[in-house]
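Here the protein sequences line up with chains Y and R, keeping their order. For the first sequence, my numbering assigns the number 1 to the initial residue and increments by one for each residue that follows. For the second sequence, my numbering assigns the number 277 to the initial residue and increments by one for each residue that follows.
Fair warning: there could be bad hints in the mix.
Stated by the list, open to error - The calculated label-pair distances, taken between Cβ atoms and stated as ranges, are:
#1 Y:179 to R:499: 56 to 64 Å
#2 Y:239 to R:317: 49 to 57 Å
#3 R:444 to Y:77: 40 to 48 Å
#4 R:316 to Y:35: 47 to 55 Å
#5 Y:135 to R:444: 34 to 42 Å
Hints in this document: simulated from the structure, not taken from any laboratory. Note that the coordinates shown come from a computational prediction; the quantities given were computed from them, not determined experimentally. Cβ coordinates follow ideal geometry from the N, Cα and C atoms, glycine included.
Residue strings, one per chain:
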Amino acid sequence: MSAIAAPSTRRSGFRFRRRWIGDILAHGYIWFWLALFALPFVATTIHSLELPEGGYGFEAYRFAFGSFKYDLLTSFKVTGLTILINLLLSVPAAYAFVRYPFPGKGALLSILNLSLYTPAAVMGLSLLITYAFLFHIPRSVTGLVAAYVVGSYPLMLIPIIVALRDLPMVYEEAAKTLGANRLQSLIRIELPLLGPGISAGVLLTFVIIFNEFLVTLFIAGPNTQTAALRVYGLTRTGFLPTTAALAAIMQLVSFIVVLSFFKFFGSRYLKGTYLI
Amino acid sequence: MARAIAPRPIEMSATTAAEAIRPAITQNKRKVWIGRLIGPGLALPAAVVTILFSLVPIGYLVLVSLTHKSDFFFGNRDYSLANYDLVFNRYWQNVVVTVRLGLLASILNLVWGYPFAYILIRRVRYREVVRTFMAFPLFGPLYLAFGLYYILLPGGPLAGLLDFLHIKGTSLLYSEPMTLFGMALFTFPFMVMNVGAALSNVDPMLEEAAKTLGAKPWQVFLRVLFPLSRSGILAGFLMCFGWNIGVFIVPILLGGLPQQRVLSLILQQKAMSQFDYGLAAAMGIVLMFIAFAVTWLSLKFSRGALGA
Numbered sequence: 001m002s003a004i005a006a007p008s009t010r011r012s013g014f015r016f017r018r019r020w021i022g023d024i025l026a027h028g029y030i031w032f033w034l035a036l037f038a039l040p041f042v043a044t045t046i047h048s049l050e051l052p053e054g055g056y057g058f059e060a061y062r063f064a065f066g067s068f069k070y071d072l073l074t075s076f077k078v079t080g081l082t083i084l085i086n087l088l089l090s091v092p093a094a095y096a097f098v099r100y101p102f103p104g105k106g107a108l109l110s111i112l113n114l115s116l117y118t119p120a121a122v123m124g125l126s127l128l129i130t131y132a133f134l135f136h137i138p139r140s141v142t143g144l145v146a147a148y149v150v151g152s153y154p155l156m157l158i159p160i161i162v163a164l165r166d167l168p169m170v171y172e173e174a175a176k177t178l179g180a181n182r183l184q185s186l187i188r189i190e191l192p193l194l195g196p197g198i199s200a201g202v203l204l205t206f207v208i209i210f211n212e213f214l215v216t217l218f219i220a221g222p223n224t225q226t227a228a229l230r231v232y233g234l235t236r237t238g239f240l241p242t243t244a245a246l247a248a249i250m251q252l253v254s255f256i257v258v259l260s261f262f263k264f265f266g267s268r269y270l271k272g273t274y275l276i
Numbered sequence: 277m278a279r280a281i282a283p284r285p286i287e288m289s290a291t292t293a294a295e296a297i298r299p300a301i302t303q304n305k306r307k308v309w310i311g312r313l314i315g316p317g318l319a320l321p322a323a324v325v326t327i328l329f330s331l332v333p334i335g336y337l338v339l340v341s342l343t344h345k346s347d348f349f350f351g352n353r354d355y356s357l358a359n360y361d362l363v364f365n366r367y368w369q370n371v372v373v374t375v376r377l378g379l380l381a382s383i384l385n386l387v388w389g390y391p392f393a394y395i396l397i398r399r400v401r402y403r404e405v406v407r408t409f410m411a412f413p414l415f416g417p418l419y420l421a422f423g424l425y426y427i428l429l430p431g432g433p434l435a436g437l438l439d440f441l442h443i444k445g446t447s448l449l450y451s452e453p454m455t456l457f458g459m460a461l462f463t464f465p466f467m468v469m470n471v472g473a474a475l476s477n478v479d480p481m482l483e484e485a486a487k488t489l490g491a492k493p494w495q496v497f498l499r500v501l502f503p504l505s506r507s508g509i510l511a512g513f514l515m516c517f518g519w520n521i522g523v524f525i526v527p528i529l530l531g532g533l534p535q536q537r538v539l540s541l542i543l544q545q546k547a548m549s550q551f552d553y554g555l556a557a558a559m560g561i562v563l564m565f566i567a568f569a570v571t572w573l574s575l576k577f578s579r580g581a582l583g584a
């Protein structure tokens, strides 16, 4: 009470300084962790730039684009196919979950999400034995894409469901009143409005699948080695600057994709999936 | 203008109105039926893919876990619970190590993640920057573990700092603390996500009120913040645990031999170099059971934070 009645200058100055120190500590804590997140990437990049005879240069990257090129191509091909199939599956399914309530909806959603919570090693093992002894399909791109689709499908579904729930029915109703049928209103009204949600799903799928190595380790064949699996294999054999170069390239590609997504759409639609 | 296009009130008794609608209802009955089928029909492709490549493999995994190594590749398979007996006796230490590492890493996540989430929600305006940096763990534990390994090697980028602090980088390597740190760094965003979601629902006025009434900071935390964010803490802890339990690459690169006895690693060796699919499958079932139980609990506590 007395402080309010007669604030002494010395006391308020002390308070001001204490708040200032608190601010520095708080923001310092945040930046400390942000630095820790980026540190492995920075260290990998520095390592990749080291030359065997000392000094720095891009020597390692020249080697990296030898046979690694083909692994990268495989990775892009497999990831692209997965994203395409995920889109074809998840847009109708999200539409069904939000706009057409049907019995057993919650149970179905839980089953669809099941693979998201299966540890990757277990998923890889189960697919390995299923492909080999039950379905009898050889190790191929098809098997790999099927595994990726099942594993990453919920990551696509959830952002679209979130975006669709936020979308008021008003626009659809207006389109219908103006004479559009269901398909027209879907293509011309809802899909453009769902754009950010869908691209959030695409982003998550890309980042996860492009860097996936554990399920791949179990089910990849000799002709379907992805770039992430190559990096994994190389980290087990030694820590050469070329390995670091490959890891840096993978992270850089992923990071550029994430950055461009944030630039175009913001990070709002990733809420509830991975980032706050 | 609005008045001009407003429809004139139609005077009609209740019975005539019902009669007017009735034919429309019978006509629409078929449409309603078709409408009911649209929902399941649209979700059908996704369900089929999930059944074929998720449910069937898991079912087959259960079946394989009951077989023996000796007669797996020949006819007349003998089914028994012998593999589970092995897991719960000879490989029990591996289960313990897995759970122990998962628990400790999740506790670390909580201790470091709670203040992070609190500051992020209450003080930080530059959230886009934070999200951008938090994308690095999203790329997976492989690059994180690789980077951390390189930092600790002699001649790494932080060698000067480590020398200054009299820390031998190589003595940190291949140890439990380093493994835990690697795991915790990967799952950090999951904790921040869950705790942050809970904290953003807590009105800052409540803290102010507690402070005005004379509560000390730790009292504000214990009496106000903690009870109100308990669901987020539990959900985040369990979600981190669910991820940490499937750890694979971090113990390979940063762990010593005791840490490398983690279940997924042993499972991979059993399946891919010893071709003992039965034992590997049994380990997988145990691991999956723990992960599912934990995830189920976390979804229950997070009240559908995942949109599920």
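Per the hint of 47 to 55 Å, is the separation of the Cβ atoms of residue 316 of chain R and residue 35 of chain Y within bounds? holds (50 Å)
Regarding residue 444 of chain R and residue 77 of chain Y, is the given constraint of 40 to 48 Å on their beta-carbon distance met? Once the Cβ atoms are compared, 45 Å apart, the range 40 to 48 Å for residue 77 of chain Y and residue 444 of chain R holds.
Distance restraint evaluation - residue 239 of chain Y, residue 317 of chain R, Cβ atoms, bounds 49 to 57 Å: Given a distance of about 53 Å, which is inside 49 to 57 Å, the answer is holds.
Quick one: are residue 135 of chain Y and residue 444 of chain R within 34 to 42 Å, going by C-beta? Given range 34 to 42 Å: violated, Cβ gap about 51 Å.
Quick check on a hinted range of 56 to 64 Å for residue 179 of chain Y and residue 499 of chain R, using CB atoms only. Taking Cβ atoms as reference, residue 179 of chain Y and residue 499 of chain R lie about 60 Å apart, which means the hint holds.
Of the hints listed earlier, the one the structure fails to meet is number 5.
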